[in-house]
Amino acid sequence: MKNEKRPKSYCPNRRTFLIKGGGALAAAAIASPPIISGAAETVNIGGLYPTTGSMAQIGVGCVAAAKLAVEMVNDAGGIKSLGGAKLNLIISDVQSDTTVTRTETDRLITSNKLSAIHGCYASALTLIASEVAERAKVPIITGSSSDQLNKGRTYTFTPFARASQFAQAQLQMSKLVSDKPKVAVIFENTAFGTATSNGLKELAPGEGVEIVMFEPYSAGFTDASPLINKVKASGANALFSVSYLNDLILIVRTVKQVGLNIAINGGSGGFVIPDFYKNVGKLAEGLQGVAHWNHDMSDYAQKANAEYKKRTGEFLFEYAGGLVAQTFMLADALERAASTDPVKVREALATLDVSKGYAAMAPGGRVKFGPDGKNVYGRPIGVQWQNGDLASVFPKEDARAPLLKT
Amino acid sequence: MLETIVQAVINGLLIGGIYALVSIGVTLIFGVVKIVNFAQGEFVMVGMYITYFLATQFGLDPILSLVVSMPVLFVVGVLIQHTLIRRVLGLNDLPQIFLTFALSLLLMNLALMLLTANYRTVHTWYSDEALHFAGLYVPVAKLIAFILAMFLSGLLWVFLHATDLGKAMRAASQNREVAQLMGINPHRVFAVALGIALALAGAAGSLLMPFYPAYPLVGQVFVLMAFVAVVLGTLGNVIGALVASLLMGVAESFGIQFIGADSGLIVVFLMLLTMLAVRPGGLAGGRRR
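Protein chains in written order, with this note's numbering: chain F, 1 to 406; chain P, 1001 to 1289.
Hints are computed from structural coordinates only; laboratory data are not their basis.
Hints may contain errors.
Residues from chain F that face chain P, not an exhaustive set, calculated with beta carbons under 7 Å [what the hints assert, rightly or not]:
#	residue
1	Q57
2	V177
3	S218
4	S225
5	A233
Quick list of the computed label-pair ranges, beta carbon to beta carbon [stated by the list, open to error]:
#	chain 1	residue 1	chain 2	residue 2	range
6	F	D106	P	V1178	55 to 61 Å
7	P	I1147	F	P395	48 to 54 Å
8	F	K80	P	F1098	52 to 58 Å
9	F	K201	P	A1277	34 to 40 Å
10	P	L1110	F	N261	49 to 55 Å
Idealized CB from N, CA, C, for every residue including glycine.
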């Protein structure tokens, strides 16, 4: 569990104290008041995101998307079976920390009458929140990709591709670039990193891809040179990096400095957000990744993207876009449950089957949950940075632009 | 194989130079003023943001912005000594610890509030360039940072050994009471020490900027290495901290290269524990310089 903290816990006592103390200060500054609705009845939806700490930047984007989605549902008339009840989003800051996530999820559930929860971006945090939600019998819907979230849980719903599916897509993409892919896999030693990379390792032989290097690294390093030095020595012609933003920036820049000619697949996480391009610039062109959602993949996605862009100035990134879809899935379930009771909402989610509208805004275009809470139609989408934008390039049926081989 | 080893040494030394700038600041403050500055990493962060804004607003090259970041942080250091640290000296240790700790928290959260958690990078023509020879490579930005870090460390050494103020500083660090009896004004010496230490942190920030992204918590990444270097190189010993930083950089690089990419810090801390067991005084054997 210790490894799941990011950035790496250097000095546990001080670090914990820093996070708590610092988080409290920042939370006071950032925490937003709940949206007050005019209607008599409201449906409380909890949103757990890291708006402070190391993942704050993505957490803040998620909150913006969650608010946008709630407004979209409310503007369209709210939940009609509940007399047009409005959704009321209650955001809680989990401070990028597993301990805080546990206490905040507990607090959010006990101090509010919630119908459902969504969160928390990072798998390490979502795993904790999901445990708490299961015990409290409140359904949680999440875009986090860890396959662990589909084990022994009945209140957890994952409408998007799983880590193991990401792995398969990445391997298939590497075969489009080279006939004989020799892949170096480097991954941060967290729940997200290990889950994704283990998927790669297991599936590689079946896909006919050779893995020549498989190496965990400590997230939040000062220098990527030794790691890239190792990649160079391995003789790989493709590099899969399972990393969040700051490490990935250093990795991409170091690959350029070393002069290594290697096809990089940055996976998801920090790779598919606008900030990646801002920080890496032209070096990002042609880099590939995988995502559970992309802003150009359907008309609805493009509409949501346009609205988000108007508000924030940036394109709607993977996790935030998925969150808009999740909110509409919850609205669909609430509509059919005709109740704010979390247990009834869970039952309605379990029988969800949508293939149109914002709720079906997922690669594959259809959402229906299996008994393990996994979307049976879920699949990832392969993306590539082209001209400063993230284009969907894989598989063929989802592609909006051809894959560039440079 | 030889190529890989030499490359690992180069990588380690280059990053060690940055560790050195941070750790020399910490050890100087500890040696002279006898407090541990937990906020040293945050001043690196401040230096990075100063450099970032100079680069984006005025197009100033990060390396040239040293001439702004160092004086600005020098003044900040003097002011902090005069208005804050002076008040808690001589009391027991706890207020001193909490003072610098509070500063660290304050700066981190101010940065989060005012600058957001976004990563910010500065691109220069040399940011992604490297010198290639004999199968090896040396990143230009890091080489510049290393050379300037060594130059500044050397300058500090000359200052401490060749100027009256530097000698007064060493005297105050060796024995505060006797130094006072010899007519040295401790508060002036302390203020200069704080100023120099923070200026070094500012320099580290400016030198990092061409190849490392700035974000509010970035100081935490570097300050831990600095603390280890300070202990490893004997508390208060500037040359010790420098040598220890370079050694740690190389040890970390070798750990990643030959043991596993998640074992860089394991190697560094094993080094620290071994040192504490065999030579508890550190590399310099307990002598303060």
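Hint check:
{"no.": "1", "hint": "Q57", "result": "4 Å, holds"}
{"no.": "2", "hint": "V177", "result": "22 Å, violated"}
{"no.": "3", "hint": "S218", "result": "5 Å, holds"}
{"no.": "4", "hint": "S225", "result": "4 Å, holds"}
{"no.": "5", "hint": "A233", "result": "6 Å, holds"}
{"no.": "6", "hint": "D106/F / V1178/P: 55 to 61 Å", "result": "58 Å, holds"}
{"no.": "7", "hint": "I1147/P / P395/F: 48 to 54 Å", "result": "50 Å, holds"}
{"no.": "8", "hint": "K80/F / F1098/P: 52 to 58 Å", "result": "56 Å, holds"}
{"no.": "9", "hint": "K201/F / A1277/P: 34 to 40 Å", "result": "38 Å, holds"}
{"no.": "10", "hint": "L1110/P / N261/F: 49 to 55 Å", "result": "43 Å, violated"}
The earlier numbered hints that this structure contradicts are 2 and 10.
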